[in-house]
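Novice: Sequence:
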Amino acid sequence: MTRPPRNGTAGGTAGGETGAGAGGKTGGGMTAAVRRLRPETRWAYVFLLPWLIGLLVFQLGPMAASLVLSFTRYDLIGAPEFAGLENYARMAEDPKVARAIGNTVVYTLLHVPLAVALALGLALLLNRVTGRAAGVFRTIFYLPSMTPHVAVGVLFLFLLNGQAGMVNEFLALFGIEGPQWTTDPDWVLPGIVLMSLWNLGSTTIILFAALRNVPRELSEAAMIDGAGPWQRFRAVTLPMISSALFFVVIINTITSLQMFDQVYTMFFGNQVAQQSHGDAALVYVVYLFQQAFQFLHMGYASALAWALFGVIALITLVQVKVGNRLVYYEAEEHAG
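First residue of the sequence shown: 1, per the UniProt record's numbering; consecutive thereafter.
Just so you know, these hints were derived from the structure itself, not from any lab.
Small disclaimer: the values here were computed from a predicted structure and weren't measured.
In this text, a Cβ means the ideal position worked out from N, Cα and C, and glycines have one as well.
Accuracy of the hints is not assured; some may be wrong.
Stated by the list, open to error - Okay, the calculated beta carbon distance ranges per label pair: (1) G135 <-> E93: 41 to 47 Å; (2) E86 <-> R128: 33 to 39 Å; (3) L49 <-> V154: 24 to 30 Å; (4) F260 <-> G61: 20 to 26 Å; (5) L197 <-> L60: 29 to 35 Å; (6) L314 <-> W43: 38 to 44 Å; (7) G135 <-> L197: 20 to 26 Å; (8) Q319 <-> Y88: 23 to 29 Å; (9) Q258 <-> A92: 19 to 25 Å; (10) D184 <-> Q258: 44 to 50 Å.
Go ahead and model the full structure; you've got the sequences and the hints to work with.
Specialist: Following this line, the structure appears as structure tokens:
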């Protein structure tokens with residue numbers, strides 16, 4: 001017969017196992033957790049690693065650096081000098097900041113409603129197309145979104161030419177004398193809005209996808225009850241696509257507040273073009289770019305950037321608060 005182990009041996013063994021278990025949980029907890037991950041999960045983290053490194057190095061890192069620079073005087077040549085809130089106080093006294101903010105707000109108020117309304121109209125037209133032609137028209141409507149913004153700016157610089165532009169020539173067919181879109185200060189911002197309506201592909205496709213998900217039986221039930229096309233659109237279609245509308249309004253608002261490349265290409269690419277309209281086309285991000293890379297006021301430009309970030313965050317928060325009261329979520333309805 002086998003003798004049972006002595007108390008000392010058993011105790012020592014038990015103590016050793018207890019100590020090893022405690023040490024494994026304390027010192028090797030992370031390793032054990034990683035080992036418990038399924039192989040596909042570990043590979044997912046491996047493939048995500050380049051993106052995470054890029055996020056840290058090219059986005060979060062520069063954002064943190066710009067926040068620090070916003071409290072300094074820095075010209076890219078000498079060492080940064082701490083300036084406290086001087087850059088933020090300077091913004092309140094800079095008349096060009098006020099002009100840039102005004103132009104950006106006017107552009108946003110014009111562009112967002114027009115872009116969403118026009119994109120919704122195009123999405124409704126796409127929703128009526130069936131068969132093979134549907135894919136062709138979706139591609140055609142989305143193609144303008146693939147055009148580089150610099151190319152769009154150059155294109156509309158010719159289209160909106162006051163003397164020989166195609167837009168004014170089209171208006172002349174109806175006996176309308178077109179304005180000087182690129183030189184008249186009163187028409188510069190409307191011209192920029194007209195140019196920005198070229199890029200509606202993404203908004204159109206998002207709204208088209210939402211329309212495709214509207215249950216057909218709801219419209220049919222409303223039709224049986226005697227509802228006309230407008231009543232069905234207002235009482236059935238709009239509530240069902242309200243979440244998509246809410247999303248595109250937020251995205252278009254953020255994009256409008258950051259408008260830069262097309263405007264810079266059209267109006268700030270050379271001194272002659274810039275002098276012809278004064279500050280009528282000076283939007284906020286263009287002024288930020290000028291301070292950073294034309295005048296080398298990197299600290300002031302960083303303060304401008306963080307002020308814009310704060311404004312966008314505040315506007316988005318307000319939109320979310322208001323939108324949650326107006327947007328219909330089907331999942332919440334089923335849950336209730």
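Novice: Run every hint past the structure and note whether it holds.
Specialist: Hint by hint, here is what the structure shows:
1. Between G135 and E93 the beta carbon distance is about 55 Å. The supplied range of 41 to 47 Å is therefore violated.
2. Between E86 and R128 the Cβ separation comes to about 58 Å, which falls outside the hinted range of 33 to 39 Å.
3. For the pair L49 and V154, the beta carbons lie near 39 Å from each other, so the given range of 24 to 30 Å is not met.
4. The given range of 20 to 26 Å is respected by F260 and G61, whose C-beta atoms sit roughly 22 Å from each other.
5. In this structure the supplied range 29 to 35 Å holds for L197 paired with L60, their Cβ-Cβ distance being about 34 Å.
6. Our hint of 38 to 44 Å for L314 and W43 holds, since their Cβ atoms are close to 40 Å apart.
7. Between G135 and L197 the beta carbons are some 24 Å apart, a value that agrees with the proposed interval 20 to 26 Å.
8. Separation of Q319 from Y88 is about 25 Å and conforms to the stated range, judged on CB atoms against 23 to 29 Å.
9. For the hinted restraint 19 to 25 Å between Q258 and A92, the CB-CB distance of approximately 21 Å keeps it satisfied.
10. Roughly 25 Å separates the CB atoms of D184 and Q258, a value that falls outside the hinted 44 to 50 Å.
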